[in-house]
Structure formats: structure tokens, C-alpha cells
Amino acid sequence: MRNLLPILTIVAVILGLWYLAVGPMNFRLALDAATRGGADVTPATPDEQGQTGLLRLMLDNPDVMPAAYAFERPRLPQPQDVVVEIYENTIGLARRCEWQGFGAERDNWSPLSDGCLRVIENRRSLIFHAWQTLAPTLLGFAIGTGLGILLAVGIVYNRTMDLSVMPWAIASQTIPILAIAPMVIVVLNAVGIQGLLPKSLISSYLSFFPVVVGMVKGLRSPGPMDLDLLRTYSASGAQEFWKLRLPSSLPYLFASLKIGIAAALVGTIVAELPTGARFGLGSRLLTGSYYGQTVQIWAALFMAAICAALLVWLIGAVEKRTLTRLGLVR
Amino acid sequence: MSGTEAGKFLGRNLQSSSKSFLAPVVAAIALAGAGALLDWRLGLVLAVWLAAWGLNIVLTESGSPGRRFVVPTIFGITLLVLWQMSVRLFDISQVILPAPTDIWGAITTSGPILWADFVQTVVKGALSGYIMGAVLAIATAIAVDRSQFLQRGLLPVGNFIAALPIVGTAPILVMWFGFGWQSKAAVVVVMVFFPILVNTVAGLKETDAMQRDLMRTYAASYWQSFAKLRLPAALPFIFNGLKVSTTLALIGAIVAEFFGSPIVGMGFRIKTSFGTLELAMVWAEIAVAAVAGSGFYGLVTLAEKRLTFWHPSQRTGR
Numbered sequence: 004m005r006n007l008l009p010i011l012t013i014v015a016v017i018l019g020l021w022y023l024a025v026g027p028m029n030f031r032l033a034l035d036a037a038t039r040g041g042a043d044v045t046p047a048t049p050d051e052q053g054q055t056g057l058l059r060l061m062l063d064n065p066d067v068m069p070a071a072y073a074f075e076r077p078r079l080p081q082p083q084d085v086v087v088e089i090y091e092n093t094i095g096l097a098r099r100c101e102w103q104g105f106g107a108e109r110d111n112w113s114p115l116s117d118g119c120l121r122v123i124e125n126r127r128s129l130i131f132h133a134w135q136t137l138a139p140t141l142l143g144f145a146i147g148t149g150l151g152i153l154l155a156v157g158i159v160y161n162r163t164m165d166l167s168v169m170p171w172a173i174a175s176q177t178i179p180i181l182a183i184a185p186m187v188i189v190v191l192n193a194v195g196i197q198g199l200l201p202k203s204l205i206s207s208y209l210s211f212f213p214v215v216v217g218m219v220k221g222l223r224s225p226g227p228m229d230l231d232l233l234r235t236y237s238a239s240g241a242q243e244f245w246k247l248r249l250p251s252s253l254p255y256l257f258a259s260l261k262i263g264i265a266a267a268l269v270g271t272i273v274a275e276l277p278t279g280a281r282f283g284l285g286s287r288l289l290t291g292s293y294y295g296q297t298v299q300i301w302a303a304l305f306m307a308a309i310c311a312a313l314l315v316w317l318i319g320a321v322e323k324r325t326l327t328r329l330g331l332v333r
Numbered sequence: 007m008s009g010t011e012a013g014k015f016l017g018r019n020l021q022s023s024s025k026s027f028l029a030p031v032v033a034a035i036a037l038a039g040a041g042a043l044l045d046w047r048l049g050l051v052l053a054v055w056l057a058a059w060g061l062n063i064v065l066t067e068s069g070s071p072g073r074r075f076v077v078p079t080i081f082g083i084t085l086l087v088l089w090q091m092s093v094r095l096f097d098i099s100q101v102i103l104p105a106p107t108d109i110w111g112a113i114t115t116s117g118p119i120l121w122a123d124f125v126q127t128v129v130k131g132a133l134s135g136y137i138m139g140a141v142l143a144i145a146t147a148i149a150v151d152r153s154q155f156l157q158r159g160l161l162p163v164g165n166f167i168a169a170l171p172i173v174g175t176a177p178i179l180v181m182w183f184g185f186g187w188q189s190k191a192a193v194v195v196v197m198v199f200f201p202i203l204v205n206t207v208a209g210l211k212e213t214d215a216m217q218r219d220l221m222r223t224y225a226a227s228y229w230q231s232f233a234k235l236r237l238p239a240a241l242p243f244i245f246n247g248l249k250v251s252t253t254l255a256l257i258g259a260i261v262a263e264f265f266g267s268p269i270v271g272m273g274f275r276i277k278t279s280f281g282t283l284e285l286a287m288v289w290a291e292i293a294v295a296a297v298a299g300s301g302f303y304g305l306v307t308l309a310e311k312r313l314t315f316w317h318p319s320q321r322t323g324r
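Chains as they are written, first to last, in the numbering used here: chain Y, 4 to 333; chain U, 7 to 324.
Careful, some of the hints might be misleading.
In silico DSBU-like pairs for lysine-lysine, Cα to Cα no more than 30 angstroms straight-line [what the hints assert, rightly or not]:
| id | chain 1 | residue 1 | chain 2 | residue 2 |
| --- | --- | --- | --- | --- |
| 1 | U | Lys130 | U | Lys311 |
| 2 | Y | Lys246 | Y | Lys261 |
| 3 | Y | Lys261 | U | Lys249 |
| 4 | Y | Lys323 | U | Lys211 |
| 5 | Y | Lys220 | U | Lys130 |
| 6 | U | Lys234 | U | Lys249 |
| 7 | Y | Lys246 | Y | Lys220 |
| 8 | U | Lys211 | Y | Lys220 |
| 9 | U | Lys234 | Y | Lys261 |
| 10 | Y | Lys220 | Y | Lys261 |
| 11 | U | Lys249 | U | Lys211 |
| 12 | Y | Lys323 | U | Lys249 |
These are calculated hints, taken from the structure and not from any lab test.
Let the sequences and hints guide you as you build the complete structure.
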């Protein structure tokens, strides 16, 4: 934990900059509200205020500043407002949640009380929306990773596949395909594919190519010496694959998985954006921007960040255990 | 490769390995035949696919020098042909998937619109934001370069933020900077900042103690050793960040337009063309985005080749 203090410093600096920015960002809104409320401000009319620089306005009207920080629908909310919003829509909803135990009531088979169900089913609940985003992400990630590994094996063992597919796999990384994710969703819906699958298709596409490129590199990482050693053991092709190539590709695989899962989450969120999806973090971002609910946008954004961090951390933890067991890292 | 040469290859292949060559051919014909039994259109598509794949196998085995270019080209053309054939033969609706010829038609007939969208989104939005973000990130990295403490904090935090779904800030930034290209540039700045920052900070650590000691024995000042040793040594890392960011920049600029834009721009066009079910236009924009993305990436790679010619990964002739 040598890095803890520096990290905390950087986070504190970012939070500090955020706090400092809240006042200036919301100042014009607050000043406008103060003018309409009949407060004594200089310059007095909104037109003149529009022509005056922000710094001048702030210097002339220092007593509006507290209002700028406490503004109800701010352009930039304060950090603690976002934290409160997240708390209220996750743990806050769960306050009356309790374990009733199986068979407490014969009619109600669910062991959880209504309070718990609100956390899972309530449309306000961020956990509900996060799950709506996470489920297709994970499904798509699994599909994309599986197919990616298969294709990589094909590429490594088949010269024709290598020559014909590999350049396109690399070139496709430079194409901003994510931008059409929403359209793909609508087309698939029109064809009759609904539910988890359309969204997971996007995330599987996005996690597919990092895995292919990483795995091809990894499966080719054993050097001539390693391969020769196996040949002296008179190992079969299958043995060479399972005992040498696959284990030595794992570090590359995990590096790709971390990139892939982050890309998959971004893919799902973007896929939810302009298609008017009703559930999911992307739809929270969109409704927030339609109704000017900045705090809601920030809360959804932070929830997405928490999900991304959890997923990457999870893969990192699996990586560490696996590689330690294999003796690839100490 | 000329026809006679190809004939020779085929002949040699058939002679030398007729057994191992024949089995896949029989299997391929059987597969295509089975497809044709189910549906003659499916059989035709399968036959074209297998024929092209077979040609690629022969070319791969041939070991001719041009195959690195020819084989992927044939593969790409095959995909296009199969796409066209499937759409036409199975009579797929325009609303679901237009054929490549329809898309090409949309590209040729609405050139000026596509050009205007390209300028609005790629040049004004993505490129300006990319340059601002890159300059800002490299300047920040240089600013924290002297402080070990800040670097140790910045690397993990920057890595963490680079993995976040930053494109989600698009609605906020559109709210702040309005519907014009400025908001798109702002989204791009935020998206490219952290990958470039992290790579630059990591790159500036790249020199080893021997090299730095050598500079010290020359009595080089901080800035001299920075400009002559550490910045060049960091360039491969910086270019790594710059290359990753090219795609991010285009994605950011297009996605930000979904949240509000003037009546021009690639994201706007994709959204509205989709609303009126002009799928060929949507695909035309995607084609432009693909070409722009690859071109942008190619330009950065070219610059990398020119500036980091000394790096082992750039040496030709393995």
C-alpha cells in the first residue's frame, strides 16, 4: 500500500477542483434566480448580465455564491449530492429490507420483505438499472470471449485463417463501430430478437477482438526451445496445446479480458442510449439529460464506474489466483 | 501472380499431396450439395464461400510473396459478395439490411451531405478534440514528471478512469457546451485524455539508470536530458496512447451527437436516417466512419514510423 497516500492525494485534488468548479458553473443560474426573486444584484437586468463576464459577476455579487452552491437543478452538482442520490437509490431503499425466513407466511413464498423487493424491482433503484446493464454485459462478454478464443486457436493452427482473418481483426479495431450500436439493437428488435440478446451482441462484438488479438499473441508466445522440449517428450499436438500453449497464453488472455470487459460495459451503455431503452444505466443517463436531472446523470455515471471497477477488479483477482497457482507470477 | 503460375501451383499441389488435398475438396462439395438440397440459394452461397476459401488455401500454400496482401483482400471481397448474394437471393428487406450496391449508391448520390457530415464530426469534433486532449495530456504528464509522489498517484487513478465508461459524460458535456461542435470536442478531450496521460507517464519512466547516469556525466540539465533522452524514449508509449485514442475520438464525437447536434454531423445523420428507415444512408455513414477511423489510425502509425524509426518494433526485415 505504498501508493495509497499518492492516490488519495490525486483523488483529493480532483474532488477539490470539482468543489471549486461548482460555484462558477452554477453562478449564472443562481444569479438569474436571484434577479427574478427581486434580490439586489449588479447589473440589474438579465440582458446586461449576459454581456458581463463571469468573473466580474462573481466579484460584484459575492452574496449570490451560497445560492450557486445550493442550487436545486445545478449544471454541476456537488459531490456529496451525488453520493446522497446514489445512497438513497441503493441502500436507502433497502432500509426496511429484512429476512422473513422461508415459510414465515405460507402465501408469500419469498423470504424477503417488500422493502427488499423494492431494491430489486423499483424503477428508481440504481441496483435494478445496474443489473439491467450488467446482465447483457456479462452474457455478451462470455459469448465474445468464447468465440474469440476459438477463432484465435483457428488462426494459430490454420495458416489460411491467419492470413485472411487476422488483418481484418486488427483493422476492425480502428473502426468506431460502437457508434452504431443503438441501430443494431433496433434492427434486431425488428427481426424479432428481443430481451438480453441484442445488447449482449454489442458487448460480445466489443470484447471479441481484444481477446482474438491477445490470444493469438499468447498462443504463439512459447519459443522454439519450449516447443522442441515437448517434441523430445514426443508430445502429441493436443498435449502441446493443453500443456504448453494454453497455459502460456493465460497472461495475455487476462490482459485482453480486462480490456474486453470494460469495452463490453461501455458497449451496453451506449447501446441503451438513443434507442429509448427504458431500463439500464444508459437509459438513466438519457432520461436525466432529457429532464435536466443532472444529479441523476452523475449518479448513473458513478454507478457505471463502480460496475466497471468491480468487473475489472474481479478479473484481476481471478488472474492473480490463476497465475499464482500456475507459478507464472510470484 | 499470372494464370500459368497458378496452374503450376495447382498441378504441383495435386501431384504432391493429392490425398490430403482431395479429402477437403470432397467434403466441401458434399457440404455445398447438402446446402443445395435444403435450399438452392443456400447451396449457391456455400459454394461461393467454399470456392473462395479453397482459392485462399491454395494461395497460402503457394508461398508467393504477394499473398500477405492478396489473401486478406480475397477474404474481404468474398464477404462483400456473400453479403450481396444473401441480400438479393433471400430477398432481405431494405429496412433490415441493405445490399453493398445500395450502400455504394447512397455514397455516390449523397456525396456532399457525407462530406459536410465528415467535416462537422471528424474534423471539427474529433480532430480538434483529439489534438487538444493529446496536448493537454502530454503537458500534464510532463508537469507531474518531476514529482515521484504525484506520478505514483496519477498512474493507478488514470488507469482506473481510462477503464470507465467515459462516453457517458456526453449528456453532461452537451448540456454544458451546447449543441455545436464544441461539446463534441469536449467529449473527445475527456475520452482521449487519460489513455494518453497514462501512457506518457509510463513512457517517461522508461529510461534506465545507466542512460540517465550517462546524461549526468555529460552535465546535462533536466531539460536537456528530458528533450534528448527521456522524451524520445517515451515516444513509443505516447504513440501507443495516441493510437488507442484515435478510435475513442471518433466514437466520442459520433455518440455525443446522439444527445443533441446541429442538423449536420455523422451521429445526427445516423440517427435521423434511421428514423426514416433509410438504412442505406446509415450504412454509408458507417462506411465513411470506418474509412475515417482507419485513415486516422494510419496517419498516426505513419507519424510513429517516422519518429520512432530506431525502436526494435519498427525495424523491417525480420
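Results for each hint:
Between Lys130 (chain U) and Lys311 (chain U) the CA atoms are separated by roughly 26 angstroms; this keeps the pair inside 30 angstroms, and the hint holds. A C-alpha spacing of about 24 angstroms is found between Lys246 (chain Y) and Lys261 (chain Y), which places the hinted pair at or below 30 angstroms, so the restraint holds. For the suggested pair Lys261 (chain Y) and Lys249 (chain U), the alpha carbons sit about 19 angstroms apart, so the restraint of at most 30 angstroms is met. Of the supplied pair hints, the one linking Lys323 (chain Y) and Lys211 (chain U) holds, its CA atoms being roughly 25 angstroms apart against a limit of 30 angstroms.
For the hint linking Lys220 (chain Y) to Lys130 (chain U), the alpha-carbon distance of about 37 angstroms lies beyond 30 angstroms, and the restraint is violated. Taking the CA atoms of Lys234 (chain U) and Lys249 (chain U), the gap is near 23 angstroms; set against the 30 angstroms cutoff, the hint holds. With a C-alpha separation of about 17 angstroms, the suggested pairing of Lys246 (chain Y) with Lys220 (chain Y) holds against the 30 angstroms cut-off. A threshold of 30 angstroms between alpha carbons decides the hint, and for Lys211 (chain U) with Lys220 (chain Y) the separation of about 25 angstroms falls inside it, so the pair holds.
A distance of roughly 35 angstroms separates the Cα atoms of Lys234 (chain U) and Lys261 (chain Y); the hinted pair therefore is violated under the 30 angstroms criterion. A C-alpha spacing of about 16 angstroms is found between Lys220 (chain Y) and Lys261 (chain Y), which places the hinted pair at or below 30 angstroms, so the restraint holds. For the suggested pair Lys249 (chain U) and Lys211 (chain U), the alpha carbons sit about 20 angstroms apart, so the restraint of at most 30 angstroms is met. Among the hinted pairs, Lys323 (chain Y) with Lys249 (chain U) is consistent with the structure: their alpha-carbon atoms are about 29 angstroms apart, no more than 30 angstroms.
The structure fails to meet hints 5 and 9 from the earlier list, while all remaining hints are met.
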